[in-house]
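Model the full assembly from the supplied sequences, consistent with the hints where possible.
There are 2 protein chains.
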Amino acid sequence: MASVSKSYLDLVDACDSFPYNDPSNPHHADPYAQFYTFYLPSDPRPHGYLLPATVAAMPWTEEFTVDHEHKTITLNPTLTSTAAFTHLIDNAITCNTFKLLHGEHSEPYPVIGARVPVSLERYAAPLFGIVSRGAHLTVYTRGGVGGKGEGEGEMKIWVPRRSKHLFTYPDCLDTTVAGGVTAGEGPFECVVREAGEEASLDEGVVREDAKSVGCLSYISHKDAPGDSEKGLFSPELIYCFDLEVAPDVVCKQCDDEVKEFYLMGVQEVKRALQRGEFKTNSACVMIDFFIRHGVVTPEDEKDYPEIMARLHRRLPFPTSSDQ
Amino acid sequence: MASVSKSYLDLVDACDSFPYNDPSNPHHADPYAQFYTFYLPSDPRPHGYLLPATVAAMPWTEEFTVDHEHKTITLNPTLTSTAAFTHLIDNAITCNTFKLLHGEHSEPYPVIGARVPVSLERYAAPLFGIVSRGAHLTVYTRGGVGGKGEGEGEMKIWVPRRSKHLFTYPDCLDTTVAGGVTAGEGPFECVVREAGEEASLDEGVVREDAKSVGCLSYISHKDAPGDSEKGLFSPELIYCFDLEVAPDVVCKQCDDEVKEFYLMGVQEVKRALQRGEFKTNSACVMIDFFIRHGVVTPEDEKDYPEIMARLHRRLPFPTSSDQ
Chain C
1 MASVSKSYLD LVDACDSFPY NDPSNPHHAD PYAQFYTFYL PSDPRPHGYL LPATVAAMPW
61 TEEFTVDHEH KTITLNPTLT STAAFTHLID NAITCNTFKL LHGEHSEPYP VIGARVPVSL
121 ERYAAPLFGI VSRGAHLTVY TRGGVGGKGE GEGEMKIWVP RRSKHLFTYP DCLDTTVAGG
181 VTAGEGPFEC VVREAGEEAS LDEGVVREDA KSVGCLSYIS HKDAPGDSEK GLFSPELIYC
241 FDLEVAPDVV CKQCDDEVKE FYLMGVQEVK RALQRGEFKT NSACVMIDFF IRHGVVTPED
301 EKDYPEIMAR LHRRLPFPTS SDQ
Chain G
1 MASVSKSYLD LVDACDSFPY NDPSNPHHAD PYAQFYTFYL PSDPRPHGYL LPATVAAMPW
61 TEEFTVDHEH KTITLNPTLT STAAFTHLID NAITCNTFKL LHGEHSEPYP VIGARVPVSL
121 ERYAAPLFGI VSRGAHLTVY TRGGVGGKGE GEGEMKIWVP RRSKHLFTYP DCLDTTVAGG
181 VTAGEGPFEC VVREAGEEAS LDEGVVREDA KSVGCLSYIS HKDAPGDSEK GLFSPELIYC
241 FDLEVAPDVV CKQCDDEVKE FYLMGVQEVK RALQRGEFKT NSACVMIDFF IRHGVVTPED
301 EKDYPEIMAR LHRRLPFPTS SDQ
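The listed protein sequences derive, respectively, from chains C and G.
Going by the working numbering, the residue at position 142 of the first sequence is 142; the numbering climbs one at a time, nothing skipped.
Going by the working numbering, the residue at position 168 of the second sequence is 168; the numbering climbs one at a time, nothing skipped.
Where chains are identical, the list cannot tell them apart; a pair therefore holds if satisfied intra-copy or between any two copies.
The calculated DSS-like cross-link candidates involving lysine-lysine, where the alpha carbons are at most 30 Å apart (straight line), are:
no., residue 1, residue 2
1, K302, K211
2, K211, K270
3, K164, K259
4, K71, K99
5, K222, K302
6, K270, K6
7, K6, K302
8, K99, K259
9, K6, K222
10, K252, K270
Just so you know, the hints here were simulated from the structure itself, not pulled from any lab data.
Quick caveat: nothing in here was measured; it's all calculated off a predicted structure.
In structure tokens, the structure reads:
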């Protein structure tokens, strides 16, 4: 069977798949026009976008005002906004309204940029078009065979394969360690926690040597096979960390989310990317890693500036309380 | 005299100063509506935006079609587009039409993304709103006093002060090495050349150890004091490189663009940034360096995602010939 080799831009495009408002085309359709805009109490800044189909299906409670004329959803002033979300999502789970809720509860995700802390369940965030946050840690070593001195060997990267039973991206390759940043947790604490849970890495090593190296942002148009709701507006932020380890450090699975870990050379990772074997957003984290480490350069990659811009899309929401 | 300490977002905002088309505000004025769009022969993709004042002042030749009704400027099919630009810009220099041309010729800059190679003079690029490209190399060392082992000392960065006689940003601090990427030259060759010319760095060291680490993109609204034309649309791409050197490597000026070099600690650089001492785009390169090296983290910087997105703005033009 012939398979088409994916370019890095193809891989980024699969993740950052929501259309841009292109100023070069004055006749473009505004891709935001279809949505209902989501507002928090006493805050004129939008925090999410909902599809009309989602608005129609949602078992709204009296804690939310739905305005069909102006296409807005506003959370009413209430004692705690988080409780209002919980109430609403409990209803949706009970009624089995949305397949992506999987009929179960998940971790609390904060609405970033909110002036008063508010959170909702992780699985529900894309229904509201609210920003989801993840943290990814890429673990690599240079100390292997073929090195010309300490820290100068050929780079190898620890790459896990996801378990077959996972809801999303079963059997795909992934970033060494990745997880959702839950409410009240910072990105660094998230990778420290996940590095132990997913890769059996020593907490002390991660705390001492994991380095914050940037963040990616993109907007997915959730239309991929396997997604239960089509056309959702799903903005995501991924905080990226690198961890260079000694050659004797080994990543190994310790929960049932990872099938096994491989120590892969750069060429092996490149081929796996081209074959589309990585989870969509983890492919982007790997491309960003390659760019930051000089593996992918502007001389070799004609789409270099476009890739960099698409990996760092400006989200149409405030990401801090005073923006 | 009281001085206001600048945040990292303030510094990025000073560079990426052209307004965004904000989808959250349906009543926003389209910031692109005022411009004339620039087209190359047989290519429907826009490559630049010109102010009406620039269009009115430009001594157009018959090689360009100016359409006031549709607000377009089109380079006519011609034997060589570069010659047509040269002809036009020669006219403008002779007539002293634009102050920013400084009455003199500069290096050829390519129109990136063009299907047939075409270049125009560096100083003229912002008049047409065409993408300018620069390459910046940050040279640093970790081998100094206070280290806990090889490669683990306190990070220090080589920072030059620009000469007082320069047209732009006289007396400001700057990236270790920076220059415009001229037509026919790659970003890496540009930094190799400039590293010798500006910082007396050994070509072999730069070729061996300078590492490509990404690119920044932004759109300046050229309105700063010292700019001779107001309100120009100036998109820029900066290719970034890092070079870690041994403690005995010294950067020293060898042309008249640099006054002197300092070896500055991270805290010193931070304070100089806060005081606004850096050239506008070099401040952004320094902030990106701090983010990639874990000096600025999401835990400490509330505007982290916004800064990352603004440093990697998607430009409204193709950056490769097949986009």
